[in-house]
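Novice: Residue numbers (full-length UniProt numbering), protein chains in the order written: chain V, 1 to 323; chain R, 1 to 181; chain B, 1 to 113; chain F, 1 to 391.
Heads up, a few of these hints could be off.
Below 25 Å or equal to it, Euclidean Cα-Cα: the simulated SDA-like pairs (lysine to any residue) are [unchecked claim]:
#	chain 1	residue 1	chain 2	residue 2
1	V	Lys105	F	Asp183
2	V	Lys220	F	Asp203
3	V	Lys22	F	Arg21
4	R	Lys60	F	Glu259
5	V	Lys220	F	Tyr250
6	F	Lys249	R	Asp145
7	V	Lys105	F	Arg48
8	F	Lys3	R	Lys172
9	F	Lys366	R	Tyr65
10	R	Lys59	F	Gly286
11	V	Lys103	F	Pro202
12	V	Lys103	F	Lys3
13	F	Lys195	V	Arg101
14	R	Lys88	F	Lys379
15	R	Lys60	F	Phe180
16	V	Lys105	F	Arg21
17	B	Lys22	F	Ala218
18	F	Lys222	F	Trp242
19	B	Lys108	V	Thr233
20	V	Lys103	F	Glu46
21	F	Lys195	V	Tyr110
22	V	Lys105	F	Glu46
23	B	Lys64	V	Tyr265
24	R	Lys60	F	Ala218
25	V	Lys98	F	Lys288
26	V	Lys98	V	Lys22
27	V	Lys22	B	Asp58
28	V	Lys105	F	Lys344
29	R	Lys59	F	Ser41
30	R	Lys172	R	Ile2
31	V	Lys51	F	Asp203
32	B	Lys108	V	Arg31
It should be emphasised that the hints constitute simulated quantities derived from the structure, not laboratory data.
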Amino acid sequence: MNTFQSGIVENFDLYAPKLVDKEEYFAAGHRACQGCGEALAIRLMCKALGKDTVIVNATGCMEVVSTMYPTTAWKLPWMHVAFPNAAAVASGVEAGLKVLRRKGKISDRYVKTVGIGGDGGTVDIGLQALSGAMERGHDMLYVCFDNEAYMNTGIQRSGATPFGASTTTAPPGKVSSGNPTWKKNMPEIMVAHNLPYVATACHSYPIDFMNKVKKARSIKGPSYIHCLSVCPTGWRCRTRECIAMGRLAVQTGAFPLYEVEHGKYKLSSVMPETLRPLEDYIRLQGRFRHLTPDEIGMFQKRVKLEYNKLMNKMKHSRSWREM
Amino acid sequence: MIEVRWHGRGGQGAVTSVELLALAAIGEGRYAQGFPSFGPERRGAPVEAFNRINDTRIKKRQRIYRPDVVVVLDPGLISLVNVSEGLKPEGLLIINTSKSLKEIEKHIQFKGRIALVDATAIAWKELKVPITNTTMLGALVKMTDVVKLESLNEPIEHRFGRIANRNLAAMKLAYDEVHLA
Amino acid sequence: MMRYISLKSQIKVEVYRMAEKKWPEDWQEVNPGCIVFRPGSSRDYHTGTWRAERPVWDNSRCIKCGLCYIFCPEGCISEDADGYFAADLNYCKGCGICAHECWPLAIKMVEEE
Amino acid sequence: MSKRIGMEIALAAAEAAALCRPEVIAAYPITPNTHVPEHLSEIVAEGRLDAEFITVESEHSAMSACAGASGAGARSFTATSSQGLLYMAEILAIVSAMRLPVVMIIGNRALSGPLNIWNDHSDIMSQRDIGWISMFAANGQETVDMTIQAFKIAEHQDVMLPVNVNLDGFQLTHVVEPMFMPDQEEVDRFLPPFKPLAALDPDHPVTLGALGLPDIYAEACKSREVTLLNSKKVILEIWKEWEQQFGRKYEPIESYKTEGAEVLLMTMGSMGETAEMAIDELRQEGVKAGLLKLKLWRPFPFEELQKAVKGAKVLAVTDRCLSYGGAGGPLALEVRSALYAQKKRPAIVNYIIGLGGRDVMVDHFKDMISRAAKADTEKPKEAYEFYGVRG
Chain V
1 MNTFQSGIVE NFDLYAPKLV DKEEYFAAGH RACQGCGEAL AIRLMCKALG KDTVIVNATG
61 CMEVVSTMYP TTAWKLPWMH VAFPNAAAVA SGVEAGLKVL RRKGKISDRY VKTVGIGGDG
121 GTVDIGLQAL SGAMERGHDM LYVCFDNEAY MNTGIQRSGA TPFGASTTTA PPGKVSSGNP
181 TWKKNMPEIM VAHNLPYVAT ACHSYPIDFM NKVKKARSIK GPSYIHCLSV CPTGWRCRTR
241 ECIAMGRLAV QTGAFPLYEV EHGKYKLSSV MPETLRPLED YIRLQGRFRH LTPDEIGMFQ
301 KRVKLEYNKL MNKMKHSRSW REM
Chain R
1 MIEVRWHGRG GQGAVTSVEL LALAAIGEGR YAQGFPSFGP ERRGAPVEAF NRINDTRIKK
61 RQRIYRPDVV VVLDPGLISL VNVSEGLKPE GLLIINTSKS LKEIEKHIQF KGRIALVDAT
121 AIAWKELKVP ITNTTMLGAL VKMTDVVKLE SLNEPIEHRF GRIANRNLAA MKLAYDEVHL
181 A
Chain B
1 MMRYISLKSQ IKVEVYRMAE KKWPEDWQEV NPGCIVFRPG SSRDYHTGTW RAERPVWDNS
61 RCIKCGLCYI FCPEGCISED ADGYFAADLN YCKGCGICAH ECWPLAIKMV EEE
Chain F
1 MSKRIGMEIA LAAAEAAALC RPEVIAAYPI TPNTHVPEHL SEIVAEGRLD AEFITVESEH
61 SAMSACAGAS GAGARSFTAT SSQGLLYMAE ILAIVSAMRL PVVMIIGNRA LSGPLNIWND
121 HSDIMSQRDI GWISMFAANG QETVDMTIQA FKIAEHQDVM LPVNVNLDGF QLTHVVEPMF
181 MPDQEEVDRF LPPFKPLAAL DPDHPVTLGA LGLPDIYAEA CKSREVTLLN SKKVILEIWK
241 EWEQQFGRKY EPIESYKTEG AEVLLMTMGS MGETAEMAID ELRQEGVKAG LLKLKLWRPF
301 PFEELQKAVK GAKVLAVTDR CLSYGGAGGP LALEVRSALY AQKKRPAIVN YIIGLGGRDV
361 MVDHFKDMIS RAAKADTEKP KEAYEFYGVR G
């Protein structure tokens, strides 16, 4: 498998990993599955955010595995209220910190409010709260850790589940080929909110992901990062292949990495010149095992179509800052 | 205790009338309630609003079914709504109309005291709009002495700011012009 | 800003945090709102017991790039004084990502006894 | 110095809330409570109050944002009604469990359907078991007073629980009437600054809203319940303090002409004063009737109730809500349970009245009391009666 080199060439710096913040803000002892991509992504996100951060977490795997009372994996101030409302709670936190700072009741330093949630808590049940918070322009970053199904409750389909994937509520059967719908394009919905910064990312490109988090952190206003987070349990792949799987999602164009700054699309530097065949990605995952060659062909066509649409946006979009 | 029912159309300021009257009474150190008919009425629809005014604390929180006074803000309402419904026989009906009692008699079942004033004409003259709520307050005060006329000055000034004077003038004109039919 | 931890005790948070807590707690001892005052206390629980395979480093092959460190979902791999890496076996769940990602092949997964 | 003013009660509630200097207000419009957030946004816009006003996209987010703000250490406030309260329901119980002292004004309104925007108590009663402190105002003055008291009660170090103040939609919210409005200096003297149990501060990272396994959940519930029950002591203290500073007395159950009363009527909210008029008339007619007005609904004042009904033969409980499929209205259910163990207790009659804005008049109360009086000797056939329902 040709996964090794792409890890090295990311950002052209072999030793970049050694330069990241050594502090762990998401401590060991959390109870995520072996090889959990989401736990890794959170660990990396926290490193990029640094100490002056407040995290607001939607209900989901990450909340459950990290805060088993009376212990917590978090070394950042952290709050969880419910499943659909992480963005709304974060709105309140942001507003609260802002007014307390203005009134001199807390120290006068910039603390970033960051909302996080899984795909269910973001693209489905949390979409209204997120749309509201983003539209209101709160100074907050929201990161969706997308593992493409409701993994916390046992792999039910969500709006972010890709076409054809087998889930416990979209199982393949005599008259079904798994999930019948196309993955909801959440980053595009966020772009439609006219956010100053929207990006897609994946833990398999840690430096790229961390740079995007840092960029989002520096923006005074709403920003959104959609981070593909491999779930070996739900995707039915080997735990050790977690990182490789994320890379394949990117390299096949199933999950392209890009940024949208003030409306201007930019493909991330880690994207390959030409896409690999989709089959390289899906044949390694049990959730796609039942797909017929015809169905895979259809899936491949749609991936290409979406990718071309994206490439057109790269060409034709302009930053509203340039206007 | 005096109970007043106001008839108007949504958007004509019946609710403002009851608020201003209540505030005037409260400003005199007395007790009052002002409230709208609790409904989803929209602009143009016939609406009602209510006042209770008393020298001691008002405990009653039910609707007003037997008013002492009924005020009609809009001339057209008398043919649409039974404006004198429940009005006490010894009570008073004050109507904004340009017509004489004879002309509107067929619409009115009330046999007691009726006062008339052409509030719309006054409003056009003083306010340049046919909004008669402050105008009719003047008529009400003249006919009932429910509050002192000057007690309305402050609430109206507070409510209308730079157009307060015009409203006060309209009120005063109606105060002078209203007459028993 | 002054901060108090609850009720009759009125103990300051700082004191509270240091106190060794009894477990499981009685209702009088539960933190109000189940607030957790010890950041990173998940380390009380050793996920190393979940492991079926452990990573073993061959330092002669290691180029000290730190890929194993950055890709560890547990954050339990750290660098020693000489720049080599090792996993804290109290927490390593044995997922094998480090071994799989180490392109100079310096890490091998070995079955637990 | 307090000032005697005339004002619509919803606006007065907003003025009272503003005097408490809330730092974050998150609210969503809903009839009949919209005037509260509207007026607060005006106060913020005029610069009279330094607060963040969040125009959330739903009540669910309103309560969520209040939770977040409270977690950040900011005093937070919201207001709602009816469907809005139910849309918040998911978050309400969490807010009290997390011990976030949010204050909320509820302009009580019926639940749909049929769609009905008028007053009854179905909204708050459906949210009875959420661990909030719950008070009922009978008029504009009590609305103003309770709003200010609510912040002090909620944020008291021995309480740290959210409080809701209930005022009847339209019956109170839309009525202009006189009341005394405290001034800023008086409220500042009464209400100390908010000190949270723990706030989201990078220098002292805390985890708020952790997962509780079965081995701790019951203990957490017990701790919360004991705190809520004990909050009554604090509420009584704060009410005493209020009386000393402002001269207006508050009790969990206010008695009106109960001396020697054989029949007692019990009300909550705005009906109380109309009911007083019925008692006045009945007393004049020689009927030994009295009135109990419940102001504190949660924590329920068990001892005060037991004391208040002593000597009465009949207690007629009115409910502006029905527990469908149960044994009557929620207040009557509570009262029956509270008195069950008493050796000597009055016969309890339950009337369901005033649903969805149906007017309840002096004569209705008189009729109810007269009929209930017979319950002493003649047991009513039904556990409760839908008073005045046609057919």
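Novice: If a hint holds in the structure, say so; if it does not, say that too.
Specialist: Okay, the hints, checked on the actual structure:
no. : hint                  : verdict
1   : Lys105(V) x Asp183(F) : holds, 23 Å
2   : Lys220(V) x Asp203(F) : holds, 22 Å
3   : Lys22(V) x Arg21(F)   : violated, 42 Å
4   : Lys60(R) x Glu259(F)  : holds, 23 Å
5   : Lys220(V) x Tyr250(F) : violated, 48 Å
6   : Lys249(F) x Asp145(R) : violated, 35 Å
7   : Lys105(V) x Arg48(F)  : holds, 19 Å
8   : Lys3(F) x Lys172(R)   : violated, 29 Å
9   : Lys366(F) x Tyr65(R)  : holds, 18 Å
10  : Lys59(R) x Gly286(F)  : holds, 21 Å
11  : Lys103(V) x Pro202(F) : holds, 18 Å
12  : Lys103(V) x Lys3(F)   : violated, 28 Å
13  : Lys195(F) x Arg101(V) : holds, 15 Å
14  : Lys88(R) x Lys379(F)  : violated, 41 Å
15  : Lys60(R) x Phe180(F)  : holds, 19 Å
16  : Lys105(V) x Arg21(F)  : holds, 13 Å
17  : Lys22(B) x Ala218(F)  : holds, 16 Å
18  : Lys222(F) x Trp242(F) : violated, 30 Å
19  : Lys108(B) x Thr233(V) : holds, 22 Å
20  : Lys103(V) x Glu46(F)  : holds, 17 Å
21  : Lys195(F) x Tyr110(V) : holds, 21 Å
22  : Lys105(V) x Glu46(F)  : holds, 22 Å
23  : Lys64(B) x Tyr265(V)  : violated, 36 Å
24  : Lys60(R) x Ala218(F)  : violated, 47 Å
25  : Lys98(V) x Lys288(F)  : violated, 59 Å
26  : Lys98(V) x Lys22(V)   : violated, 29 Å
27  : Lys22(V) x Asp58(B)   : holds, 23 Å
28  : Lys105(V) x Lys344(F) : violated, 55 Å
29  : Lys59(R) x Ser41(F)   : violated, 31 Å
30  : Lys172(R) x Ile2(R)   : holds, 22 Å
31  : Lys51(V) x Asp203(F)  : holds, 8 Å
32  : Lys108(B) x Arg31(V)  : holds, 24 Å
Checked against the numbered hints above, the structure breaks hints 3, 5, 6, 8, 12, 14, 18, 23, 24, 25, 26, 28 and 29 and satisfies the rest.
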